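J.: Full structure from sequences and hints, please.
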Amino acid sequence: MSNYTTFNRNEEFFVDMQRCIGCKACEMACAECETNGHDSMIHVNYVERSTTIQTTVQVCMHCEDPVCANVCPADAISKDEFGIVHTANTERCIGCSNCVMACPFGVPKKIEEYDLMMKCTMCYDRTSVGKKPMCATVCPSGALFYGTKEEIKEMRPNSSPVNTFVFGKEVVNTKVNIMMPKGSTELIIY
Amino acid sequence: MAKLPVSIDKIIEQFGPSLNYAPKDGFTGRDEPDEVVNTHCCFCGMQCGIKLLVKENKVVGFDPWMEFPFNEGRLCPKGVQRYLQNNHPDRILNPLQRVEGKGFEPISWDSAMDKTITEIKRIQEKYGKDAFSMLSGVSLTNEKSYLVGKFARVALKTKNLDYNGRLCMVSAGAGNKKAFGLDRASNNYSDLEYAEVIIVAGANISETFPTLTHWIWKARDRGAKLIVIDPRVIPLARTADIHLDVKPGTDSALYGAMLKYLVDNDMLDHDFIDNYTSGFQDTIDAVKDYTLEWAEEITGIQKEKIKAAAELWGKAKTSFLLHARGIEHHSKGVDNVLGCINLVLATGRIGKPYCGYGTITGQGNGQGGREHGHKCDQLPGNRDIENPEHRKYISEVWGIDEKDLPGKGLSAYEIIEAIHRGEIKGLLSICFNPLVSLPNSNYVREALEKLEYYVCIDFFLNETARHADIILAGSLQEEEEGTTTSAEGRVIRIRQAVTPPGDARTDTSIILELAERLGVKDKFTYDNSETIFNELRVASKGGTADYYGITYKRIEDNMGVFWPCPSEDHPGTPRLWEDKKFKTPDGKAHFNPAPYKLPGEVTDEAYPITLTTGRVVSQYLSGTQTRRIGKLVDQFPEPLLEIHPEMAEKYNIKQRELVKVSTRRGEGIFPANIVETIRKDTVFIPYHWPGQKSANLLTPGTLDPISKIPEFKVSACKLEPLNEIAPLGTESKAYASI
Ligand code: SF4
Ligand code: SF4
Ligand code: SF4
Numbered sequence: 001m002s003n004y005t006t007f008n009r010n011e012e013f014f015v016d017m018q019r020c021i022g023c024k025a026c027e028m029a030c031a032e033c034e035t036n037g038h039d040s041m042i043h044v045n046y047v048e049r050s051t052t053i054q055t056t057v058q059v060c061m062h063c064e065d066p067v068c069a070n071v072c073p074a075d076a077i078s079k080d081e082f083g084i085v086h087t088a089n090t091e092r093c094i095g096c097s098n099c100v101m102a103c104p105f106g107v108p109k110k111i112e113e114y115d116l117m118m119k120c121t122m123c124y125d126r127t128s129v130g131k132k133p134m135c136a137t138v139c140p141s142g143a144l145f146y147g148t149k150e151e152i153k154e155m156r157p158n159s160s161p162v163n164t165f166v167f168g169k170e171v172v173n174t175k176v177n178i179m180m181p182k183g184s185t186e187l188i189i190y
Numbered sequence: 001m002a003k004l005p006v007s008i009d010k011i012i013e014q015f016g017p018s019l020n021y022a023p024k025d026g027f028t029g030r031d032e033p034d035e036v037v038n039t040h041c042c043f044c045g046m047q048c049g050i051k052l053l054v055k056e057n058k059v060v061g062f063d064p065w066m067e068f069p070f071n072e073g074r075l076c077p078k079g080v081q082r083y084l085q086n087n088h089p090d091r092i093l094n095p096l097q098r099v100e101g102k103g104f105e106p107i108s109w110d111s112a113m114d115k116t117i118t119e120i121k122r123i124q125e126k127y128g129k130d131a132f133s134m135l136s137g138v139s140l141t142n143e144k145s146y147l148v149g150k151f152a153r154v155a156l157k158t159k160n161l162d163y164n165g166r167l168c169m170v171s172a173g174a175g176n177k178k179a180f181g182l183d184r185a186s187n188n189y190s191d192l193e194y195a196e197v198i199i200v201a202g203a204n205i206s207e208t209f210p211t212l213t214h215w216i217w218k219a220r221d222r223g224a225k226l227i228v229i230d231p232r233v234i235p236l237a238r239t240a241d242i243h244l245d246v247k248p249g250t251d252s253a254l255y256g257a258m259l260k261y262l263v264d265n266d267m268l269d270h271d272f273i274d275n276y277t278s279g280f281q282d283t284i285d286a287v288k289d290y291t292l293e294w295a296e297e298i299t300g301i302q303k304e305k306i307k308a309a310a311e312l313w314g315k316a317k318t319s320f321l322l323h324a325r326g327i328e329h330h331s332k333g334v335d336n337v338l339g340c341i342n343l344v345l346a347t348g349r350i351g352k353p354y355c356g357y358g359t360i361t362g363q364g365n366g367q368g369g370r371e372h373g374h375k376c377d378q379l380p381g382n383r384d385i386e387n388p389e390h391r392k393y394i395s396e397v398w399g400i401d402e403k404d405l406p407g408k409g410l411s412a413y414e415i416i417e418a419i420h421r422g423e424i425k426g427l428l429s430i431c432f433n434p435l436v437s438l439p440n441s442n443y444v445r446e447a448l449e450k451l452e453y454y455v456c457i458d459f460f461l462n463e464t465a466r467h468a469d470i471i472l473a474g475s476l477q478e479e480e481e482g483t484t485t486s487a488e489g490r491v492i493r494i495r496q497a498v499t500p501p502g503d504a505r506t507d508t509s510i511i512l513e514l515a516e517r518l519g520v521k522d523k524f525t526y527d528n529s530e531t532i533f534n535e536l537r538v539a540s541k542g543g544t545a546d547y548y549g550i551t552y553k554r555i556e557d558n559m560g561v562f563w564p565c566p567s568e569d570h571p572g573t574p575r576l577w578e579d580k581k582f583k584t585p586d587g588k589a590h591f592n593p594a595p596y597k598l599p600g601e602v603t604d605e606a607y608p609i610t611l612t613t614g615r616v617v618s619q620y621l622s623g624t625q626t627r628r629i630g631k632l633v634d635q636f637p638e639p640l641l642e643i644h645p646e647m648a649e650k651y652n653i654k655q656r657e658l659v660k661v662s663t664r665r666g667e668g669i670f671p672a673n674i675v676e677t678i679r680k681d682t683v684f685i686p687y688h689w690p691g692q693k694s695a696n697l698l699t700p701g702t703l704d705p706i707s708k709i710p711e712f713k714v715s716a717c718k719l720e721p722l723n724e725i726a727p728l729g730t731e732s733k734a735y736a737s738i
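So the protein sequences, as listed, match chains A and B.
Reading the first sequence from the start, the letters are residues 1 to 190 in my numbering.
Reading the second sequence from the start, the letters are residues 1 to 738 in my numbering.
The set of hints was computed from the structure by calculation and includes no laboratory data.
Only a predicted model underlies this, so the values are computations on that prediction, with no experimental measurement involved.
Among the clues, some could well be false.
Said to hold, decoys possible - Result set (BS3-like, lysine-lysine): computed pairs, CA atoms no more than 27 Å apart in a straight line:
1. B:K157 to B:K247
2. B:K126 to B:K157
3. A:K110 to A:K79
4. A:K153 to B:K317
5. B:K581 to B:K597
6. A:K131 to B:K631
7. A:K149 to B:K218
8. A:K131 to B:K307
9. B:K218 to A:K182
10. B:K317 to A:K182
11. A:K175 to B:K631
12. B:K303 to B:K317
13. B:K115 to A:K131
14. B:K631 to A:K110
15. A:K153 to B:K218
16. A:K109 to B:K631
T.: Pasting the structure below:
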């Protein structure tokens, strides 16, 4: 199938938590995708509403070496040639939740109703035909952006995209970038 | 008329609000759409571009409209979910009549119209023309606003017509007229991007106009400094350089002190003030005693912060000042607005690139809807109904004798007061839900119960419509062609995507038939919306809101045209005042003294706490539409009382404990949400809900003397914890309540 896609290899996903206003347009738009069974694959959380209005948004980071896929005993999770880590293959997924436990970003969700792991596929139904992912398109504040490195450089001169995450000794590189203060190269998560 | 025909529960059972989570035939039924229609969101004044997916005459989904220049595909949750109002199970599909003891029953269009016309005639013959009134709304397109204005004056021949913009930004409109002679935000929002300083005053942009946030963040990316003035730490304030947590009702003291600081430190644009403005001396005389210390005392903001804000504002080369209901919903809303405008004029930062000023309209057509004459004191083109020349011009356009054109009528809340007094006996409303949106709801309900006849054009049976005698099943925004004008002043095209379902009709055809039956068919001959628009263009010609040069085709070709646009070869005016020729009688921008006055109600021993109100991101105005969409309701199922931990401790209130909030007007019960993001002396309740959960049970009917806007933003209240923890929001009956 991939021969027929018009997936743009230069476009990437950028997340800027500073901008998120917690409106949940992304969650609602994600659930509009035909492929998700109308569940949202992106999650917005308040850090602590009693003391702050800071929210965070968690989208699948599409790791270069996806732990979720590596730990899957049924080989249900695949990464494609564009670097997209797909939702579990319905026929193979045994609903064991290994991936849910293993993902350093806490992304895959076991949907009990279908006994299946589901996660963001970077809107493959849209991106494969040259459109942008639903969540990034609607995000009213620009906290989510899908486009080229050049565009983001021009748009956000005071920030740098970072896609290297350090978890203790573990270094994880991802297809999705987080916007950090200018000059940052990695995000160390304790 | 009068009391409800059956219990509220019974009405709710039949007409909702019930929650819609999926398109009519489910998600699976939507496959490939038959048609994709480029139109605009039906909610706030941003009027975001959106594509509606249509299948078998139903709106089944949406797709982002990436090419539309303001929002480039971006939408807030309301925009994402709006398609679910189409083919909603609560939709009114036939005309209905009230039957005592039974509720609302379908009747034929013919009988509904007959009854309505008979009652209008009866009331007007018995009590005079003005005893029949009309209330309109600014979710209506420009065409419908124009039509309503003409219908009330030419067909109903009543002076008592007003609109729900009266609850929205009329203070800004009045302030704009005084200062500039024209009522529109001065710039398109792309001017924000390179502004050095942005002041956002009383505008919870991230929750009420979310897609505008992007433009502010864009400016921040370019190094802009952000000053947020709000009693709450709204999401936009999170990264602000300065957050001024003003005590509700004291805004003008803050602007006055800032102005004095600019004067004392000579941060003024003398050239601009001398050559292009008037009234400067009187204005600064009015604030000569407004020291930082004084302002700290009144506003509750530390003087260092006020000084820092004045310094930032004073020294900038480019700037933008935006405000919304937070400063407008006051008994001195006009003064607050003028206080802001004075800061803009003193620094001369208007009519230049990346410099601007404006109010943000809350309702979809808050801008256009205030120009075409469905205000009590206004004729199309923003003309003055009391001005003999203006009257003459419009009478000619309408083909009537000027002496038959009614004069200035009562404003929205005053109409309710006149109903109370028994002076007004009949009401026709369209697209307005006063029982939820006006202040002092108990009083509004009593007024509705006194009406001899109430007819309502609407698509859902909102809380006010439950009191109607006849309901004429009208249309949603996506069911008619038309135009709206966004908060930036951009006139855009609303596309018809589907036709009204069942026996419902377009609002336009309903009004035209009423006009015909009132015997003035010859004055209302239109083939379609475009012919109404073309008459509107002529009616607006030469007025301050001049649409004459705007055509449907030009809007389409350019994705919108900014008014004023006086001729077809005029490019439109995204940025006003570049020529420094203001529309005031002397051609100058006017400074206006805006001295600080007390709010209509101040706290005292009996009611020691300030209550203020506002919105949440997933709901729109009185909730007629959004309280029917499942996910929007789930996101914020009920109004919460925001309260600071220190106040919560003082009154021994726990998280989610039910609290009785009382004012001199009424009481409501709300679960507490203890947050540090609010002033310690102020509580906040969002206002989108009816009945026991209505913030407007509590708010006062004090009006601004000039704009007649009610003072929603300041009430004195008291709190009593009820010793009961509220069940989780989605389990409480919030959305099915009265
Ligand atoms: S990229 Fe698509 S699938 Fe992934 S979270 Fe965003 S909307 Fe959902
Ligand atoms: S749409 Fe954007 S701003 Fe809104 S919650 Fe999602 S990431 Fe945050
Ligand atoms: S409600 Fe306002 S911000 Fe949200 S999508 Fe509609 S027009 Fe845009």
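J.: Is it true that the CA of A:K153 sits at most 27 Å from the CA of B:K317?
T.: Roughly 25 Å between the alpha carbons, so the hint for A:K153 and B:K317 holds.
J.: For a C-alpha distance cap of 27 Å, please report whether A:K131 and B:K631 respect it.
T.: holds (25 Å)
J.: Is the Cα-Cα distance between A:K109 and B:K631 27 Å or less?
T.: Judged against 27 Å, a Cα distance of about 20 Å means the pair holds.
J.: Take the C-alpha atoms of B:K157 and B:K247, compute the straight-line distance between them, and say whether it is at most 27 Å.
T.: violated (44 Å)
J.: Given the hint that A:K149 pairs with B:K218, does the C-alpha gap stay at or below 27 Å?
T.: OK: A:K149 and B:K218 at ~17 Å, within 27 Å.
J.: Under the criterion that the straight-line Cα-Cα distance not exceed 27 Å, is the pair B:K631, A:K110 satisfied?
T.: Holds, at about 21 Å.
J.: Against the 27 Å threshold, does the CA-CA distance of B:K126 and B:K157 hold or violate the hint?
T.: holds (15 Å)
J.: Decide if the proposed pair is consistent with the structure: A:K131 and B:K307, CA atoms, cutoff 27 Å inclusive.
T.: violated (48 Å)
J.: Under the criterion that the straight-line Cα-Cα distance not exceed 27 Å, is the pair A:K175, B:K631 satisfied?
T.: Violated - the C-alpha atoms of B:K631 and A:K175 are around 30 Å apart, more than 27 Å.
J.: Decide if the proposed pair is consistent with the structure: B:K317 and A:K182, CA atoms, cutoff 27 Å inclusive.
T.: holds (25 Å)
J.: Hey, B:K115 versus A:K131, does the alpha-carbon distance stay inside 27 Å?
T.: violated (53 Å)
J.: Below or equal to 27 Å on CA atoms is what counts here, so check B:K303 against B:K317.
T.: The hint holds at about 24 Å.
Against the hints set out earlier in the document, violations occur for numbers 1, 5, 8, 11 and 13.
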